[in-house]
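Chemist: Given the coordinates of chain A, work out where chain B should sit on it, guided by the hints.
Top line first, the protein sequences correspond to chains A and B. Note that the first sequence covers residues 1 to 362 in our numbering. Note that the second sequence covers residues 1001 to 1271 in our numbering.
Don't read these hints as lab results, they were simulated from the structure. Be a bit skeptical, because a hint or two may be false.
To be verified - Derived contacts from chain A toward chain B, CB cut-off under 8 Å, selection only:
| id | residue |
| --- | --- |
| 1 | Ala73 |
| 2 | Phe99 |
| 3 | Leu151 |
The C-beta atom is built at its ideal place from N, Cα and C for all residues, glycine as well.
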Amino acid sequence: MLDAQLGKRRGEFTLDVAFQARAGDTTVLVGESGAGKTSVLRLLTGLDRLDEGRVLLDGTALADGGVGVHVPAWQRSIGYVAQDYALFPHLSVRENVAFGLRADGVPARRVTPAVMAALELVGIATLADRLPHQLSGGQQQRAALARALVLEPRLLLLDEPLSSLDIQTRRALRLELRALLQRLLCVTVYVTHSPIEALVFGDQVVVLDGGRVAQAGSRGELLRYPRSPFVAELVGTNLFIGRPAEGPPNGGALGGPALIRTPEGAVAIGDTGAPGAVYLTVSPREIMLSRTLPEGSPQNVFAGPVLELIPEPPGGERVRVVLATQPPLVAEVTREAVASLALTEGMPVYAAFKATGVHRYT
Amino acid sequence: MRETALRFTAVLAVGLLILLLGLPLVSLVLRIPPADLLARLRDPVIIQALRLSLATSLAATALVTALGLPMAYLLATTEFRGKRVLEAFIDLPMVLPPTVAGVALLTAFGRTGLAGGALGALGVSLPFTTLGVVVAQSFVAAPFFIGAARAGFAEVDRKYLDAAATLRAAPTYAFLRVLVPLAAPSLLAGAAMSWARALGEFGATITFAGNMPGVTQTMPLAVYLALQTDLDAAVALSVLLLLVSLAVLLSIRYMPCHVAALAVRARRAAR
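Same shape as in the complex, but just chain A (with noise of 0.2 Å):
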């Protein structure tokens, strides 16, 4: 169990991040660069020290800024893997592997089975008397991998483990490196700037929005309830922030869609519920385009140019459609639909979607 409350200042950039992660499970770090994720990785392993705050690993403290405690990186029971792996160039497969046994004074006759037995975990026993530099970045990024591992730590810390391999190294890799990490029984904190990174990986998915926690949780809490436009837009979603509208639903004889007021414009709803904040989401899949404007059951319609079109991988079977709409919204529809309406970037349409197609949460 891990219970992290960081606090750092450098010029003018503040860190104040909060978390806790459970021991065998995975948990994601999520945020754009310069979100502060390396940041709270280099406050775990003690290469920085803390301004404000406390690390407590299985409620030892390893970092205090209250009362000056700070356990240096070399005492910590932590393997960490850095972006770019920084395995030792001077130094064989083996050799990296066996490092901090021999620094940590592990028994020479302990050494080597650890080593092996570490390396064949992540398959690569066969090049352990590589150097580096003749190993591919897939083999490059197991040996760091096994390095950290050999050394039974407490706590994993992975910093972007798969951005500097190609495409589809990291394909691969992805599915090896999420069944191996779910075997493992320590905490393991993984840094990701990859929105599907977070979701395959994250047990737990904490997003990181200048130098804050924007959003905490479970991968399905993540999906379902996106809190902030960052995260929705990391979840694939249409998020709407807003109050129910004052007075009587301005609907039909039957009370009618009632309406929530959004700085960027009304959202019609079911029904309004309880006052106060309410958040609301809309999939891209519940959005319809039409060039002329919609009849029947719709209640929501805006108008505005696409922006862009991104076909979805695989196959692009599926178009994002981006759209200049007040409120902003993100569409998806099927490539037929796309070539139908003979959709292209700044042409204007009109978005529509049903009110009942409208998720809210407060």
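Modeler: Here is chain B on its own, set in the frame of chain A:
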């Protein structure tokens, strides 16, 4: 036209420079037939001076390396008040006239010097002893090693030290097992340069340690002495020193990749 004139001037400058630097070396070697050189090298006086020079210069290099490593690390990794001043003092022996260095050493470690009394109480005497030669050589050679080692340490990417720290390596362990091996080419180049400087040391040695055959008379001193009586002997000694110096410089030029390859091969063999 201007381009042609400038080109001509540049070629002329290069030619003059080669003449200035190369002619003395070539004429030195041409002055004595190789057979004579070999014969001269069997002269016991020369052998004695050569042996003393090798022993003292190697001892000075070892001393400078051992004492210089921590200082180079400090200068490469730490910022502190007065660092510029310290750096200037460390570099001072490079620009100081060696005879001035010798006088300074006398005032410090001479019998009546600042630390002379304390050394005397310990039964150690530096002036006019072989140990004094080593001290004089170390004094002038130290900046060469410290400068190269400092640059070498600064070139090593911090990420390797960070990685070592997360792999249970205490700072001194990381220094010895990561920083020193990664900076090895620069460290070896620095050691070679300071060795060459120690080998050629003259002014500080003759001022501080004197010129006693077998005790403090190193090769450069023997050259100077021979010049008074026997020009050919001086030439033979000079050619010998020239060849040694050239060998050092060439080995530095070709060393880095070579040493790294050797180190890897040695480790493989050890396993």
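Chemist: Give a verdict on every hint.
Modeler: Do the hints match the structure? See the list:
Look at alanine 73 of chain A: its Cβ gets to within about 4 Å of chain B, closer than 8 Å, so that hint holds up. With a cut of 8 Å, the hint placing phenylalanine 99 of chain A at the interface with chain B holds, because the nearest CB-to-CB distance is about 5 Å. A distance limit of 8 Å between C-beta atoms decides the matter here; for leucine 151 of chain A the minimum to chain B is near 7 Å, and the interface restraint holds.
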